[in-house]
Structure formats: structure tokens, C-alpha cells
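> If you want the building blocks of each chain, they are given just below.
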Amino acid sequence: MQPLRIALAQMAPRLGVLADNLERHHGTLAEARAGGAGLVVFPELGLTGYQLQDLAAEVAMKADDPRLIELAAASAGMSAVVSFVEASSDHRLFISAALLEEGEVRFVHRKLFLPTYGLFDERRFFAAGDRLRAVGSRTGVRLGIAVCEDFWHLAVPETLALDGAQILINVSSSPGRDLAAIHEVGLGTAASWRTLMRTYAQLTTSFVVFCNRVGLDETVSFWGGSEVIGPGGEPVFTAPLFDEGLYFVDIELGDVRRERIGLPLLRDERPELHLRELRRILAERTEMAIDEASEPPNVRPARPTGAVSTPDAPEKD
Amino acid sequence: MAGSAAPEPGGTGDTAGPLFELPPELAIDTGVARRVMVGFIRNQLAQAGFNRALLGLSGGIDSALVAFLAAEAVGPENVLCVLMPYRTSSTESVEHARLVVDRLGCPSDLVDISSIVDGYFGRNGEAGAGGATAGDASQLRRGNFMARARMCVLYDRSVPWGGLVVGTGNKTESLIGYSTLFGDSASAFNPIGDLYKSQVRQVAAAVGVPEEIIRKAPSADLWPGQTDEVEAGFTYPELDRLLFWMIDKRRTDEELLAMGFPGAAIARVKRLVAVSEFKRQVPPVAKLGPRTTGVDYLYPRRRPGSARP
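Line by line, the protein sequences give chains A and B. Every position in the first sequence, counted from 1, becomes a number in our numbering once 495 is added. Every position in the second sequence, counted from 1, becomes a number in our numbering once 2 is added.
The shape of chain A in the complex, shown without the other chains (with noise of 0.2 Å):
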């Protein structure tokens, strides 16, 4: 029996409002330990709000400021999730992720991938991550840590899960769009990323923990709807759309062994295949940076052999 109660505080940040939203986390987190949490999971940006811009410098906490360890001794005895507009020492900015626990930082994931695309304009105020790995904690397993756009990359949870993560967290702020009647809830959002997250529980065999925001920020309206879902991919709670609540839900890591065992899928995972085939497509992405279809056939540069895709042709190493 491993028995481990979630917190999910589908919270509203206010737009750079550093001190308000410190305040909140305490509230919540006051509350998560009343009702039993070990592991309480805040929305990305939840201490600054999402739509900063040139506001992110302003708000902007190095790893080891007072206010986050402050925000870590009020978890003591729990694990929680926070997220944060981070500053490093050479003054990059990142939207990170921290795990506190026992009264310290633990662990900060930066973000990995930036959207700017569409409504999307992060790249333009922020550095992005370049390190993805699990992390040990006290809830007695691995948790693999990323934030919103990482989860639309494949090799995230898939690196988490082989890094030995046993629950996959993301912190989100989804901006809710795409209003059809014909998707699920009538948010093209929402689908997408019910589908993904169920998807990633099943295929990683582990606990997925999506912890979105609600409330708004300028003209976008975030729409909450976290959800834990099992390793077999099957939902074991979902929150309401747009309703700001801290949710308790109550999970069994015993299910993991048990899913594990009865689908082994990541003890077939190949990572050794992956990592190869990996290194030969990085090879041939550069010939393929040369635009084949604008030059004349003759003036082509000649391609190494090792590039040619036949079944006998040699590894490249």
C-alpha cells in the first residue's frame, strides 16, 4: 500500500502580482496540509500570472530567493510544485518549475520548449530549458516535472519515464480556444490535451498529474480541467472547467507495479535503438539543411555514403 493524497490547486494567479500570489500558495498550501496532501501541484506561472511580457524581468525570483524558501518551509512535510518567472545568475530568464521539499528548492525544471507560434509569444521573453530529468522525492518515487508546451513534445514524458519517474507532473497555463460543439466540452484545448495526457499515462505506464490554471489574463481565458490520470490511461479525477478550487484526489503508486507488471512496455522500451537512430538522423538532418529541390541535379553536392538510407548501409556512430 503506498497510498499518496494529490492537491491540485487549479488556482487564478494575478497578473504580476508576485506579493498577492506568494501569499495564495500559502493559503493553499495551509489548506493542502489540513486536508492530508502529500503532494500539492500548483499551475505554471502561478506565482507571477502568464501573460507578462516585459513584466517578466520585473517579477523574476532567482532559485534561492527568501520567498521561495519561505514558500518551502510552509511545505515541510509535503511535496510541492511551484512555478515561477526564474532569473539566473547570467541574468536569462526561464519559466520554471520547483520542487520544494524539507524546508529547501529541491529541484527546478526550466522549461524546455517556448511557444511562440500562434497567440503564443514566449520566446521573445524567455531562455529556454536544456536539462530533463526525473528527481527523487519523498512521496517514495520519481517525479518527472515539466511544464505546459513540454508535454507537446513526445520525448519529454518518454525521457521522464525512462529517467524512473513513476508520476509525470505538468504545470500548465492553456490559454482555452477553439470553441466547437463538436469537441469534447466544446474546447478544442481541452480534447487535445485530455488525449495526450491519457495517451502519455497509458504509454509511460505512469500517473500523470496535469495541474492547469483558470481565470484570465488579458483576452485569454485559462481553463483549468486538471486531471490525474492512472498508468493504465484511464482518468481518475478530472476538475471542472474554469473553476477555481484546490482538489484533493487520492492515488495508489501500488497501481504503477501493477500496471508495470501486466504491460511491460518500458522494460521493452529501446532506448540504445532510439539513441542510434537518433544520432544518424542528426547526421542527415545537416545534408538535408542543403535545399535539394532549388539546386540543379549536377551542381548537388555528393552525399557521404553513410547517409544513404539502405537497410545494409553502415551505421554512423
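Calculated directly from the structure, the hints in this document are not laboratory data. Certain hints may be false.
A partial selection of chain B residues facing chain A, derived with a Cβ cut-off under 8 Å [unchecked claim]:
1) Gly33
2) Ala35
3) Val40
4) Gly41
5) Ser117
6) Ile118
7) Leu300
8) Arg304
Fair warning: this is a prediction, and the values are worked out from it, not measured in the lab. Don't be surprised by glycine CBs; every beta carbon is placed ideally from N, CA and C.
Add chain B to chain A, keeping to what the hints say.
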């Protein structure tokens, strides 16, 4: 409110057929839409430090829907509906506006703009403030002036009322430029600006806007007998479908043709959209200094400290 996901082309009226025509691809979940728009109104007001709103209530479906949504967001007692007829406005417009006011129980104000407009263009052979030639002004000039006079009245009324002006323009008219710059398009925020007209009708039916308002032919009512669809040369369902596939779904001309849209309609709508681009953007500022608003000085409107004290 039942968040019905089914396209709901209206409670089929007893005699008059469906309330409106809704192209299936435009059908939205009215429950979700209503939730988002009501939350948006509440949030925009609260973040600016207000709890009151006002809007120009024309008697048409767009402003009727916004009145319903605003009343739901902050309570009918906090929504001032301003009726601003001109002497040639249809009497039905005022009647329908009154119907909305009565249904919601909102406070209302009637401001006849005739003297403002006539004071500029002149009347009965007498020149107005605009000079002798203003009397020859086209219907278009007069219509634009009326829309801007209404804007002036609304912004003036917003001060004693202590509320923000809520926009009532829809996505269809914005995209084809069927609006008056700094006139009906002026507002503090607009909850329905991303809804096509067909979707406005769908949500209006769901929130209980009176049937006669949903059913009547949309009109800017800037001159007698004017209707949107005659002016545009399209029906709204046709126009909305074309805009949806062209803009939201990024279909090319060839793809639109293959879907059955007439080439002339595609060309015309593309031109309307392009030529009205300026109406949808804030005026450009010549870049001179190190940081220029809207270019490389980018703050959320609702930054900390931006609310009225």
C-alpha cells in the same frame, strides 16, 4: 443553462420556421462560450477597478446579447443601456431596445442624437457647424458621424455612471470592415468580437434574447431601410462560412473554390478583409526612441497598478 453541444438552430417557431440558420461548422458550445464571455466581462471590469458597465443598445442582436451577458456578469443594476436614436432611426429599433431593458431590468437612458448630427450637417436648408457643404454629405458620411456621436455620448455617460463602455461588434463585421473607426468599434473591451454573426445568434438564443430581435434582418439603421445583408451582398451564414474557412481554417483560394464557394465571393471578401486591416489595429507610431509603445515596450493592459484607485 444547458451547455448543449448540439447545434441548436433555434426553437423552431410555430409558423416562421427556424429562428436562424447556423452552418454546422460554426456551431459552438454555448455553455462554454457564455461562461468565457461572462467571466471576461467580470474580469475586465474588476481588473480596471470598476463594477459597472454601459453600452449602446441599438435594438439589434449584438448589443442585446452583450446586455444579457453584462447583466449576468455584474448584475442588471450595474449595466446602463443607452438608447441613442436619430430622428430617422426605425421605431422598431427603440422598441426592441426597450424590450431588452424591460426583460433584464437594467437602468436605461435615452439620448436623441438628432440635434448633434443635424447641428453639424444642418437641416431644412440651414447650414450647421460643418459649414454650407456639409449639407451635401453622403449617407455614408452621415452614418459614420452618427456612429461617432454615439461613441461620444457613451464615453461621456461613462463618467457619471462610473462604468466602462462594453463593445458590441462581432467578428464578421470586424473582418469585413463593416464598422466605423472610433465609432461603434470604440470600447473598453469587447466580449463578442470573436463570434461570427451566426454564432452571436446561436448564443443569443441560448441566453434568452427575445425572438423578434434574433429573427429580424440585421441593420446598422444608419438610414431607413438599410440592411447589412443587402449592403454586403451576402447572407450572414454564407459570409460567416467563407470567413471561417478562409481565416480560421487557413484554406487557400483553390481549396475554397473546390469547397463550392464562388470565385467572385472569395475575391470580394478577401479584398474587404485586406482593405479594412487598418480598422482592426491601433494606429502605428513612428519608431524613434529606444522603446516604443506597442513595438518594444510591451506591457499587459492590466499590469499591476493599472486599476482605477
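> Indicate, hint by hint, whether the structure satisfies it.
Hint by hint, here is what the structure shows:
With a least beta-carbon distance of about 7 Å to chain A, the hint placing Gly33/B at the interface is held under the 8 Å criterion. Taking 8 Å as the C-beta cut-off, the interface hint given for Ala35/B holds, the closest approach to chain A being about 6 Å. Contact between Val40/B and chain A, as hinted, is not supported at the beta carbon level, the nearest pair being about 10 Å apart and thus beyond 8 Å. The restraint placing Gly41/B at the interface with chain A holds, with a minimum CB-CB distance near 6 Å, inside the 8 Å limit.
The beta carbon of Ser117/B is not positioned within 8 Å of any beta carbon in chain A (closest approach about 38 Å), and the interface hint is therefore violated. With its C-beta approaching chain A no nearer than about 33 Å, Ile118/B sits outside the 8 Å limit, and its interface hint is violated. Here the hint on Leu300/B is kept, as its CB sits about 4 Å from the closest CB of chain A, short of 8 Å. Taking 8 Å as the C-beta cut-off, the interface hint given for Arg304/B holds, the closest approach to chain A being about 6 Å.
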